[in-house]
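Chemist: Assemble chain B onto chain A, guided by the hints.
Residue numbers (my numbering), protein chains in the order written: chain A, 1 to 303; chain B, 1 to 356.
Because the hints were derived from the structure by calculation, they are not lab data. Fair warning: there could be bad hints in the mix.
Claimed, not checked - Facing chain B, according to a computed beta carbon distance under 8 Å, are these residues of chain A, among others:
#1 Ser-59
#2 Leu-69
#3 Val-289
#4 Tyr-294
Stated by the list, open to error - Sample of chain B residues facing chain A (criterion: CB under 7 Å; computed from the structure):
#5 Phe-21
#6 Pro-51
#7 Asp-54
#8 Pro-70
#9 Thr-76
#10 Gln-93
#11 Trp-107
#12 Arg-109
#13 Pro-179
#14 Ala-203
#15 Gly-205
Bear in mind that the values here come from a model prediction, so they are computed numbers and not experimental data. We treat Cβ as the ideally placed atom computed from N, Cα and C, and that holds for glycine.
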Amino acid sequence: MVTAETAASARGKTAETKAVVQVKSEVIALRRAGSYYVMTLTAAGIPELTRPGHFVAVSCGGDDGATLLRRAFSIHNVASRGVYGGTLDIVFSVVGKGTRWLSERHRHDSVEIVGPLGRPFALPRQPVSCILVAGGYGSAPMFMLAEALRARGCRVDVVLGASTEDKLFGVLDAKRIAATLTLTTDDGSVGERGRVTDLLPAVLERTDADVVYACGPMPMLARVAEVAHAHGAHAQCLVEESMACGTGICMTCVLPVIGDDGVTRMLRSCTDGPVFRADRVRWADIGTVPPDAYGAPAVEESS
Amino acid sequence: MTRAVITREPRRDTSLDRPDFDMSANVGGVTLPDAVLTASGCAAAGRELEPFLDLERIGAVVTKSVMLAPRSGRPTPRMAETPSGMLNSIGLQGPGIDVFLERDLRWLRDRGIRTVVSIAGGSVDEFTKLAQKLRHVEGLSAIEVNISCPNVEDRGQVFACEPSAAAAVLSTVRRNTMPSVPVLAKLSPDVTDIVEIARSVVAAGADGLSLINTLLGMVIDVDTMRPALAGVTGGLSGPAIRPVAVRCVYQVHAALPDVPILGMGGIRHGVDALEFILAGASAVSVGTATFNDPSAPERVSRQLAWALLDRGFTSLADAVGYAHRAPDTVARPAASVEPEVVDVLDEEPVADVAER
Chain A
1 MVTAETAASA
11 RGKTAETKAV
21 VQVKSEVIAL
31 RRAGSYYVMT
41 LTAAGIPELT
51 RPGHFVAVSC
61 GGDDGATLLR
71 RAFSIHNVAS
81 RGVYGGTLDI
91 VFSVVGKGTR
101 WLSERHRHDS
111 VEIVGPLGRP
121 FALPRQPVSC
131 ILVAGGYGSA
141 PMFMLAEALR
151 ARGCRVDVVL
161 GASTEDKLFG
171 VLDAKRIAAT
181 LTLTTDDGSV
191 GERGRVTDLL
201 PAVLERTDAD
211 VVYACGPMPM
221 LARVAEVAHA
231 HGAHAQCLVE
241 ESMACGTGIC
251 MTCVLPVIGD
261 DGVTRMLRSC
271 TDGPVFRADR
281 VRWADIGTVP
291 PDAYGAPAVE
301 ESS
Chain B
1 MTRAVITREP
11 RRDTSLDRPD
21 FDMSANVGGV
31 TLPDAVLTAS
41 GCAAAGRELE
51 PFLDLERIGA
61 VVTKSVMLAP
71 RSGRPTPRMA
81 ETPSGMLNSI
91 GLQGPGIDVF
101 LERDLRWLRD
111 RGIRTVVSIA
121 GGSVDEFTKL
131 AQKLRHVEGL
141 SAIEVNISCP
151 NVEDRGQVFA
161 CEPSAAAAVL
171 STVRRNTMPS
181 VPVLAKLSPD
191 VTDIVEIARS
201 VVAAGADGLS
211 LINTLLGMVI
221 DVDTMRPALA
231 GVTGGLSGPA
241 IRPVAVRCVY
251 QVHAALPDVP
261 ILGMGGIRHG
271 VDALEFILAG
281 ASAVSVGTAT
291 FNDPSAPERV
301 SRQLAWALLD
311 RGFTSLADAV
321 GYAHRAPDTV
331 ARPAASVEPE
341 VVDVLDEEPV
351 ADVAER
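In isolation and in its complexed conformation, chain A is listed as follows (with noise of 0.2 Å):
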């Protein structure tokens, strides 16, 4: 709550009225990848708005659906101008009545979204190298980040990993966008057999990269955070918790952090996050309430 107050009053009031919008935008292209759906809707004044890391919420079902709560989906590209006057395009996989909703939108169907949210990757100031791993569809919003790293002189090795060739997302895109490229499948029927966790080690070694951008399950997170303090970088990870809202005023999506002055708070991933440092979070705690966190019970609740 320390983390979301700062940043907060450090945009001002001007800036935090501009810095979202609700629109209902227009489905322009529905299209598959993989075992994926891609979709591009347009999104009036969100475009200029966003950095990589940010999501939208995206509500599912209409105005009267059974369906309540907003899905959200990382950013993982933005056209600012063009005939649709802005668009970006959301990755999603059907697991649940939203994204089959979602996948059964057509074009010029309307979707209404809110961006963009969250807080967003911290970019390096020095031309430094830099490692984006990501697990399944959590390749998304790293397409943005590694033009951003690029257009600051970064140099930036990519490793995409997925249990199947079909779950890996931007293979084509990330062959442009880097350095070198390792892929991995569970069953080894593209690229290494095994994790990105597996290789990364290798790869850090390789480019004695300063820092690692991560996005994924909890447990890939977990491991890139161990690894990347094994080598002494910086990690930074996008997490993909569960959202009731995503605009922060539901406290579902919380992770025990630990903030500037040590302490440990459930922190909100919409608003605090979805990017986190990874030596900040505790990741072997997640899904529990430390009893070491602010405000915690003094007691251990038996509900």
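Modeler: This is chain B only, laid out in the frame that chain A set:
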């Protein structure tokens, strides 16, 4: 006074236009210029909604229930979506009253945003201390006393379900706060007879009632074959609970027609809010719908104003409890009547509970 007996289709809400219509609401002695408020726990302390809403324009921001001490809340998962609703198990995460007053309330007051402060406690003593902290705070629109959170140690049962315990809390809060600030009791629908609890807290000094809190619910994850929430049970909210909430408001208004009710539970559109007003609520809170649409409170207010105007009301206050009136003595016009023609009664409906 005249009222329409024909209803038209609610006007489409495609613009930001709102009619010039008296939406003011009396909530326990304080008049708010608009009858649509946020709901406790669904708006944090207001700031997060600033990009989406004119917070100074809505009835008031009802802040998330605050306790005496900082509180981490429950572990995750804290949320499960359900048909037309959700279960939450947050467990009253919050900064504690001191930080709340210094940081969150200050932010609201600096901007002139009307505020209803919601308080929650684990004991009568904690409620007393919270009330004392608020005693010298000027300009509060009301204090909402949350005696019905299902996500605390005893699931709120001690205060929410026991008329005498509920009365003890309301009595101490009323005694220890500024008399000019209305005190509202937020009640749980998970009781045998909500009217009994309502009578009890009103007798203890509550100036109004907030109806309703969430219903205790549970979801089992069929993949893990365990409860979906870390807290096992959670509070059910959203349009799924609206009929329960409307029933509670209707029953309590029938029994206590002079007690102002802040109605809530599944309000998503203006016509949903209208149901509550007709059932007897003087004002409404928009809660879970704000997760879906962060501008919902302002939109609902606009839609409600149109819906009331379309039905021939001249102010929101005139519609409060209108569903309680006696059966119509004038035959309804045939369906073939032009929908634009608003047929107005010449005389007052025979019995109007709202004006008794």
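Chemist: So, for every hint listed, does it hold in this structure?
Modeler: How the hints compare with the structure:
no., hint, verdict
1, Ser-59, "holds, 6 Å"
2, Leu-69, "holds, 5 Å"
3, Val-289, "holds, 5 Å"
4, Tyr-294, "holds, 6 Å"
5, Phe-21, "violated, 23 Å"
6, Pro-51, "holds, 5 Å"
7, Asp-54, "violated, 10 Å"
8, Pro-70, "holds, 4 Å"
9, Thr-76, "holds, 5 Å"
10, Gln-93, "holds, 5 Å"
11, Trp-107, "violated, 9 Å"
12, Arg-109, "violated, 15 Å"
13, Pro-179, "violated, 32 Å"
14, Ala-203, "violated, 32 Å"
15, Gly-205, "violated, 31 Å"
Hint check: violations occur at hints 5, 7, 11, 12, 13, 14, 15; the rest are consistent with the structure.
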